[in-house]
Amino acid sequence: MLELQVQHQFAGFALDASVIAAEGVTALFGRSGSGKTTLVNAVAGLLRPQRGRIALGETVLFDSNRGINLPPHKRRIGYVFQDARLFPHMTVQQNLTYGQRFAPRAHGGAQQARIVDLLGIGDLLQRLPGGLSGGEKQRVALGRAILSDPRLLLMDEPLAALDDPRKAEILTYLERLRDETRVPILYVSHSVAEIARLATTVVLMNRGQVVMAGPAEQILSDPAAAPSLGLREAGAIISARLDGQDADGLSRLHTPAGPLWLPQVSAEPGAMLRLRILAQDVMLATQAPVGISALNVLPMTVAEVRTGDGPGALVQVQSGDMRLLARVTNRSAKALGLVPGQAVFAVLKAVSVARGDITGASAGAAETDP
Amino acid sequence: MSDWLSPAEWQAVALSLRVAFWAALLGLPPALLVAHALARWQFPGKAVLNGLVHLPLILPPVVTGYLLLIGFGRRGPIGAVLEEWFGIVLAFRWTGAVLAAAIMAFPLTVRAIRLAIEAVDPKLEQAAATLGANRARVFATITVPLILPGILAGVILGFAKAMGEFGATITFVSNIPGQTQTLPSAIYAFLQIPGGEARALRLVGVAVAVSMAALLVSEWLARRVARRIGQDHGGRDA
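In order, the protein sequence lines correspond to chains B and L. Residue 1 is where the first sequence starts when you use the working numbering, and the numbers rise one by one after that. Residue 1 is where the second sequence starts when you use the working numbering, and the numbers rise one by one after that.
Honestly, the hints are just simulated from the structure, not real lab data. Note that the coordinates shown come from a computational prediction; the quantities given were computed from them, not determined experimentally. It is possible that part of the hints are untrue.
Derived pair list, reagent style DSBU-like, types lysine-lysine, alpha-carbon separation capped at 30 Å [as the list claims (entries may be wrong)]:
| id | chain 1 | residue 1 | chain 2 | residue 2 |
| --- | --- | --- | --- | --- |
| 1 | L | Lys46 | B | Lys74 |
| 2 | B | Lys167 | L | Lys46 |
| 3 | L | Lys123 | L | Lys46 |
| 4 | B | Lys349 | B | Lys334 |
| 5 | B | Lys74 | L | Lys123 |
| 6 | B | Lys334 | B | Lys167 |
Far from chain L, by Cβ distances over 12 Å, these chain B residues were calculated [claimed, not checked]:
| id | residue |
| --- | --- |
| 7 | Gly24 |
| 8 | His89 |
| 9 | Glu180 |
| 10 | Pro311 |
Using N, Cα and C, we set each Cβ at its ideal position, and we do this for glycine too.
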């Protein structure tokens, strides 16, 4: 577990942040200039903060009071940069094994074969980085970081330099990596979609300060977090179990609020799925609507109504531990008289959930949850 | 071949090659260190070091030679210690010619290597550090392979400069045939005696041939290295 508490002054900018990153993916989210990369570089030892303390488990990496500052090569922290930074004079194979020369535990070829297989880079091993595509480079960079046997992985917008198809491709590999290795990951991003797919924990940053932090489901469905995430991007993530495929091409999902139909989701029945449902795709009704094309009408309860300065309001509705976020107008919220505790129906078009916002939960979870 | 040049001329050519070889070889490790320090480190007195390194380039060579004579002569502060403790005498020996040539070639070698180091993306070195490599390992496994073309260029440049060094050499170790008479000193000597032009011209031919060969070999090596490390000549893949 990583615990950090860092203060650092730049010209016109002050970073003062405390972050805890446990197992899984901790996403640092914020606009450019909010101090995310500075924070990550401080963890890696590439930047020396003016004050603070950074500890990884029992190991103190940095402590300004005690004058401790471990150099980067002694921290055993893997770093995946936005630009892959592969060594141009080494083959992919040599890049992958570079960190192993210095790793305290020598991993056998088995571990390497597993990672190479997981990242699908077996055919690239003898090539030089100069001839690889951006997505291939980033996969090799991921493998290189993991194979150095790190106690923590840092990823600084590893997808930012890639086009959308490559992003989708790498995201899949990242999910596998998250689920199959037990290494905590600190993931910097300014893409809500990426965070919604990957993050276990979300830390919202703004102007060098931590604005909010907590489990991804909680933060992403919190109306208070929406302004930081961007209203268009605001949306809750929910877990749902795939129950079966209907003959007309729709998949039936089980949620605490009732069944949810989505266009064909390719996964095994019983698989746990993680869905991101944008606030702007959710409608609210105080009575069960009839004669409506939207297939999904879920009975839920209003948990929170948040009105801002503008014409819009964000409403959090819940059923059991499932929370959705709905973006409606202030006028509608008033007309419906929405108050916490009130029973409502959340209406969602089956086609409104983008394919990229549906991800199979961990393979392990799917097996243990038949 | 052997009757084309007289034994004395052969001696001069062989001595020059030997002096240039050792000057280039012995100068390389300190040149690497200084180039790395100038390119990557921040320390007080960096400007002074930079000035000192470049001094032989701008001083009249005869001044450098004279300073060497003062410092490294048998009565000089350094020369006396070397002789007393290690039995090493440099003044008026071929080893002194190596020292003079190495010092004159040093700024050129440092410059070539420094430019090569500055062209290496520090982000690659950072990446290596996060993978567990300490500074020495980063230098040996990342920096040096990436600057090999620059190192080669610097060494060849230093070799060529050492081959042609005249002013500092003749001042420090004089012009003793068979001992300290290098190629340029021999050419100079032949030009001082009537009817020596033909012999001087032959040596000039040798000098041109050696310099051209060095240049061609360095180009060829640099291309091979560039291919091996997957770089275009001079450029780097982003």
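Hint check against the structure, violated hint numbers in rising order
Hints 2, 6, 8 not satisfied by this model.
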